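Asker: Chain by chain, the residues:
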Amino acid sequence: MSVIERSIKVYEGSRIPSPIPTALKVDQEKHSLDDILTINFGPNHPSTHGVLRLIVDLDGEMVAGLSAVIGYLHTGFEKTMEQKTWWKCITYPERIDYVSFQANELAFVLAMEKLLEIEVPRKATWMRMCLAELTRIHSHLVWLGTSALELGAISMFWYTFDDRDATLDLFEMVCGTRMHTRYFQAGGLAEDIPEGFYDQAREWCKKMPKAIDEYEAILDRNAIWLKRTKGIGLLSADDAIALGQSGPVLRASGVNWDLRKSMPYLAYGEVDFDVPVFPEGDVYARYRVHMEEMRESVRIVAQCIERLAEMRGEPWIADDRKVVLPPREELHTSMESLIHHFKIVTEGYLVPEGEVYECVESPRGEFGVYLASDGGPKPWRVKFRAPSFVALQATATCMTDAAIADMIAIVGSLDGVMGEVDR
Amino acid sequence: MTVTYDGVPGLVETVGGHGETTLVVDAARIVEACSFLRDERRFNFLSDLTPTDYLGWASRGVAGHIGSHGGRDMHAPGSQGFARVPDPKPKRFAVNYHLLRISDDPERVRVQAWLDDGEEIDTVIPVWPTADWFEREAWDMFGIVFRGHPNLVRILMEDDWEGHPLRKDYPIGGEPVRFSGEE
Amino acid sequence: MALARKLPLISDRPLANAGLSSERVLMPNKGPGVFEEEIDGIEDALGITTVEKAVAWAQANSMWPDTFGLACCAIEMMSIVSSRYDISRFGMERFSSSPRQADLLIVSGRVTHKMAGPLRQVYDQMLEPKWVIAMGACASSGGMFNNYTVLQGVDKIVPVDIHVPGCPPRPEALMEGIVRLHEKIKAGVPPAYMIRGVAQ
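Residue numbers (the numbering used here), protein chains in the order written: chain F, 1 to 423; chain S, 1 to 183; chain A, 1 to 200.
Hints are computed from structural coordinates only; laboratory data are not their basis. Certain hints may be false.
35 Å max Cα-Cα, derived DSBU-like pairs, lysine-lysine [to be verified]:
| # | chain 1 | residue 1 | chain 2 | residue 2 |
| --- | --- | --- | --- | --- |
| 1 | F | 227 | S | 91 |
| 2 | S | 91 | F | 88 |
| 3 | A | 53 | A | 156 |
| 4 | F | 114 | S | 91 |
| 5 | F | 378 | S | 89 |
| 6 | F | 343 | S | 91 |
| 7 | F | 25 | F | 227 |
| 8 | A | 156 | F | 378 |
| 9 | F | 230 | F | 210 |
| 10 | F | 230 | S | 89 |
| 11 | F | 378 | S | 91 |
| 12 | F | 261 | F | 343 |
| 13 | F | 88 | A | 53 |
| 14 | F | 343 | S | 168 |
| 15 | S | 89 | F | 84 |
Here are some of the chain A residues that sit facing chain S, going by a computed Cβ distance under 10 Å [claimed, not checked]:
| # | residue |
| --- | --- |
| 16 | 91 |
| 17 | 95 |
| 18 | 113 |
| 19 | 120 |
| 20 | 129 |
| 21 | 146 |
| 22 | 149 |
| 23 | 150 |
A quick note: this is a predicted structure, and the numbers were derived from the prediction, not measured. By construction, the Cβ of each residue, glycine as well, lies at the ideal position given by its N, Cα and C atoms.
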């Protein structure tokens, strides 16, 4: 199948507003200015996935104008990371997209390893892939719970968060903490995989598909859900690409583009999975993409566990002591290990000069890290290309002819996480 | 399919490294170059638009990368711990455009344009509408003016903020940490 | 009262006798600090009548939090609503988006200078009595972000009753914070805005 499916046209032409592509201006031919009521939506509002402020011009129930104000969660990640050594920097990217935290870590660590030209053992590669897919499921569960909650399917929240807790149990078992695990290090993983992980993960893999079936049983044929999501928030493939969309939003507009298949990283070339693509370009299509992706992720996790179980006893981090902390036992006996540990923790390891741009397929789309190093112990420039930043730009295009209730559905389906948007 | 980058308008040089290609382009011809890349070379997706501030680059020596996975390369001066200074950059700001071709033959490329403080560059919104917020962020964080941008206002900082935070001469800010027991 | 852990009573301060069982109260030799100065003032306020006790019991057991989730801590706050770490056993599952109907402001996540204005507005719109929990390291003190944009501690703009450490705090940690808050209220400790005053 070619990448862009042209058989179904979601709409003719382009709906990207002009002159500002990201803001709807009131069309004075359709709406008289006397009828317009400007209301402020946020930044503290339950339905905006965080601190997003939308200034909406309403003509009755129809949205005539829209502009988004962001920056309420701008934490200055990029500037702060310029002050920290590379090893300390690893804890920062996780908090950017705080719902799919390990995906951010993965991108940053892969970018660092590209500059360091360090070889990662295969156990670490496969475990990273396993955790990246678990993160994808975690993120989709949170998305499903909150989006359904906003549209009125309140009970979904409790179901999805229960399964989310089961997923976080796996994270806690392996990485030591539920969220923000800092488990990926430059060169591999921070620690070995505990023995009980394999059995617990296998049980989880048996339970998850049944849970996903349950969610679909609740939502898929519910007339209210269908009415509120079908045909809402249309985005054509060409507009999606012009607006820089990626991830589920792009795949729901009929573009068969997934970095894991098209430009594979880690070991995605060696696992068996499909990429769901739906051509309708509406909120319902994005919902179906998320659900199918969860199923595919469970498949990948099951395959990873079987491969990892064979790799018991293999190293989980590279052997390069200039970059990787030595094991603690050695610190008592080996002078070199002590010195390496000291140098890495105080001055930090040195990453060679250069610039790289590394992307991963985060649950929201293409999460990219642009790293520029000057050969020193601290990064020179770190830039995170956040998919939600770009997804919010598409709000105005999706909102053509939308009512205010649709706005909730659309903003929810674009799956924005404000930590990513504002960084 | 290997793609050659000859014919990109304003191309100054092509740099490779770590498996990536960087096309350094004259800042005055950026819209031409980007339109060429989008139309002739089918780079239909602008992944990222990000400036970098190189103020203070090469002002201090760095020891260079001392180790590597396979061991030290005994011949590179950096590997013996000798201080070396990174090569100087042509101007202060580099504006990087990360492009991607979404198609059956995917490819990535980086387009780089160099600017001095105060120099302006044309907006690429006509080429890829997604550049809108990226350029606003570049203006907010670095103070780089994009000529022709329909709405070049603050996006991440407050509307009345002064200064451009990600510049190297802008302080990190913050406060000294207070400890209990101290006055 | 919900967890009812009986810690050995090392301190015979009035606060400990009133039912507060946090470490700083029970082990008074932990060190001098602002907290110890403050509780001298609080202890004068203890010794409440039966009517006030009843009112405090009602306030503590049906506090409605405000949906003020900002960042990562908001996700853990959402998980305390979920079935495993059920917050509805405290009567608090009804998160109110309208600050007019909320009693408790759980500031969960990093507060930027841009967000400080809306935060203060929401706090002002809440009706007395109102309490504030600063959840997580970022809300308590700025967390790992000490820079030009993050407010170094939300207690610069709103008076905070309970700080919950963690990055993000586990749901159980947030629950401990909530339990301590309930103990405070039932002991008769006034809300923070009466002790510390509110910056205007």
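Asker: Does each hint hold? Answer for all of them.
Answerer: Going down the list of hints, with the structure as the test:
1. A threshold of 35 Å between alpha carbons decides the hint, and for residue 227 of chain F with residue 91 of chain S the separation of about 56 Å lies outside it, so the pair is violated.
2. Taken as a hint, the residue 91 of chain S and residue 88 of chain F pair is honoured in the structure, with Cα atoms around 30 Å apart against an allowance of 35 Å.
3. Simply put, residue 53 of chain A and residue 156 of chain A have alpha-carbon atoms about 31 Å apart, close enough for the 35 Å limit, and the pair holds.
4. Taken as a hint, the residue 114 of chain F and residue 91 of chain S pair is honoured in the structure, with Cα atoms around 26 Å apart against an allowance of 35 Å.
5. A threshold of 35 Å between alpha carbons decides the hint, and for residue 378 of chain F with residue 89 of chain S the separation of about 19 Å falls inside it, so the pair holds.
6. Taken as a hint, the residue 343 of chain F and residue 91 of chain S pair is honoured in the structure, with Cα atoms around 34 Å apart against an allowance of 35 Å.
7. For a cut-off of 35 Å, the pair hint linking residue 25 of chain F to residue 227 of chain F stands: about 27 Å separates their Cα positions.
8. A hinted pair counts as satisfied when its Cα atoms are at most 35 Å apart, and residue 156 of chain A with residue 378 of chain F qualifies at roughly 31 Å.
9. With a CA separation close to 25 Å, the supplied pair residue 230 of chain F and residue 210 of chain F stays within the 35 Å bound.
10. For the suggested pair residue 230 of chain F and residue 89 of chain S, the alpha carbons sit about 53 Å apart, so the restraint of at most 35 Å is broken.
11. Restraint check for residue 378 of chain F and residue 91 of chain S: satisfied, since their Cα atoms lie roughly 22 Å apart, inside the 35 Å limit.
12. For the given pair, residue 261 of chain F sits about 39 Å from residue 343 of chain F by alpha-carbon distance, which is inconsistent with the 35 Å threshold.
13. This hinted pair does not check out: residue 88 of chain F and residue 53 of chain A have alpha carbons roughly 49 Å apart, beyond 35 Å.
14. For the suggested pair residue 343 of chain F and residue 168 of chain S, the alpha carbons sit about 26 Å apart, so the restraint of at most 35 Å is met.
15. For a cut-off of 35 Å, the pair hint linking residue 89 of chain S to residue 84 of chain F stands: about 23 Å separates their Cα positions.
16. Hint status for residue 91 of chain A relative to chain S: violated, with the closest Cβ pair at about 34 Å, above 10 Å.
17. The beta carbon of residue 95 of chain A is not positioned within 10 Å of any beta carbon in chain S (closest approach about 28 Å), and the interface hint is therefore violated.
18. Interface hint status for residue 113 of chain A: upheld, as the beta-carbon distance to the closest one in chain S is roughly 7 Å, under 10 Å.
19. With its C-beta approaching chain S no nearer than about 14 Å, residue 120 of chain A sits outside the 10 Å limit, and its interface hint is violated.
20. A hinted interface residue such as residue 129 of chain A counts as satisfied when its beta carbon comes closer than 10 Å to some beta carbon of chain S; here the least separation is about 28 Å, so the hint is violated.
21. At about 4 Å, the closest approach between the beta carbon of residue 146 of chain A and any beta carbon in chain S falls short of 10 Å, and the interface hint on this residue holds.
22. Because the beta carbon of residue 149 of chain A sits about 7 Å from the nearest beta carbon in chain S, less than 10 Å, this interface hint is met.
23. Interface restraint check: residue 150 of chain A against chain S, minimum CB-CB distance 8 Å, threshold 10 Å, status holds.
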